[in-house]
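Residue 194 in the working numbering sits at position 18 of the sequence shown; the count goes up by one each step and never skips.
Derived by calculation from the structure, the hints in this document are not laboratory data. Incorrect hints may have been included.
With a Cα cut of at most 27 Å, we get these calculated BS3-like pairs of lysine-lysine [what the hints assert, rightly or not]: (1) Lys216 - Lys253; (2) Lys222 - Lys184; (3) Lys253 - Lys222; (4) Lys224 - Lys253; (5) Lys184 - Lys216.
Distance windows between CB atoms, simulated [what the hints assert, rightly or not]: (6) Ile235 - Glu180: 26 to 36 Å; (7) Val252 - Ser214: 24 to 34 Å; (8) Leu240 - Leu187: 15 to 25 Å; (9) Asp225 - Arg185: 15 to 25 Å; (10) Asn242 - Ala191: 10 to 20 Å; (11) Glu183 - Leu240: 17 to 27 Å; (12) Gly215 - Gln189: 11 to 21 Å; (13) Leu179 - Lys253: 28 to 38 Å; (14) Glu180 - Lys253: 12 to 22 Å; (15) Glu180 - Gly233: 13 to 23 Å; (16) Leu212 - Asp239: 11 to 21 Å.
Nothing here was measured: the structure is a model prediction, and the numbers come from that model. A virtual CB, placed ideally from N, CA and C, is assigned to each residue, including glycine.
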Amino acid sequence: MNLEIAEKRYLQQRAQARMRKISFTLTFNEWLNIWLDSGKWEQRGKGKDQYCMSRIGDIGGYDLGNVFIQSQSDNVKE
177 MNLEIAEKRY LQQRAQARMR KISFTLTFNE WLNIWLDSGK WEQRGKGKDQ
227 YCMSRIGDIG GYDLGNVFIQ SQSDNVKE
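Hey, can you work out the whole structure from these sequences and the hints?
Structure, rendered in structure tokens:
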């Protein structure tokens, strides 16, 4: 994994959350550890068979304890 790319992805997600007026309190290390712990980092993306970081019930912010990694197809179903 390339840390420079990971940091870009983190900044992109944080910026997108802000544009959507959703709180984003995860630090880079917290965000990265959630991804790495999921074992899905290499499958991260926007395709239906790829994975994304989601919020529980699609409510609240991107905060520790309120996010998890799931497939894009499951995220769309919600």
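Okay, the hints, checked on the actual structure:
At roughly 19 Å between alpha-carbon atoms, Lys216 and Lys253 fall within 27 Å of each other, so this suggested pair holds. In summary, the hint linking Lys222 to Lys184 is supported, as the alpha carbons are separated by about 16 Å, within the 27 Å threshold. Note on Lys253 and Lys222: the hinted pairing holds, with a Cα-Cα distance of about 14 Å set against a maximum of 27 Å. For the hint linking Lys224 to Lys253, the alpha-carbon distance of about 11 Å falls within 27 Å, and the restraint holds.
Simply put, Lys184 and Lys216 have alpha-carbon atoms about 17 Å apart, close enough for the 27 Å limit, and the pair holds. A hinted range of 26 to 36 Å holds for the C-beta pair Ile235 and Glu180, which are about 32 Å apart. The supplied range of 24 to 34 Å is broken by Val252 and Ser214, whose beta-carbon atoms lie about 18 Å from each other. A hinted range of 15 to 25 Å holds for the C-beta pair Leu240 and Leu187, which are about 18 Å apart.
At about 18 Å, the CB distance of Asp225 to Arg185 agrees with the hint of 15 to 25 Å. In this structure, Asn242 and Ala191 meet the distance hint of 10 to 20 Å, their C-beta atoms being roughly 19 Å apart. Look at Glu183 against Leu240: about 19 Å separates their beta carbons, and that is inside 17 to 27 Å. One distance hint, 11 to 21 Å for the beta-carbon pair Gly215 and Gln189, holds here, with the actual separation near 19 Å.
Under the hint 28 to 38 Å, the C-beta atoms of Leu179 and Lys253, about 32 Å apart, fit the expected range. Hint check: Glu180 to Lys253, Cβ distance near 33 Å, so the stated range 12 to 22 Å is violated. In this structure the hint that Glu180 and Gly233 lie 13 to 23 Å apart at CB is violated, the actual value being about 33 Å. Between Leu212 and Asp239 the beta carbon distance is about 18 Å. The supplied range of 11 to 21 Å therefore holds.
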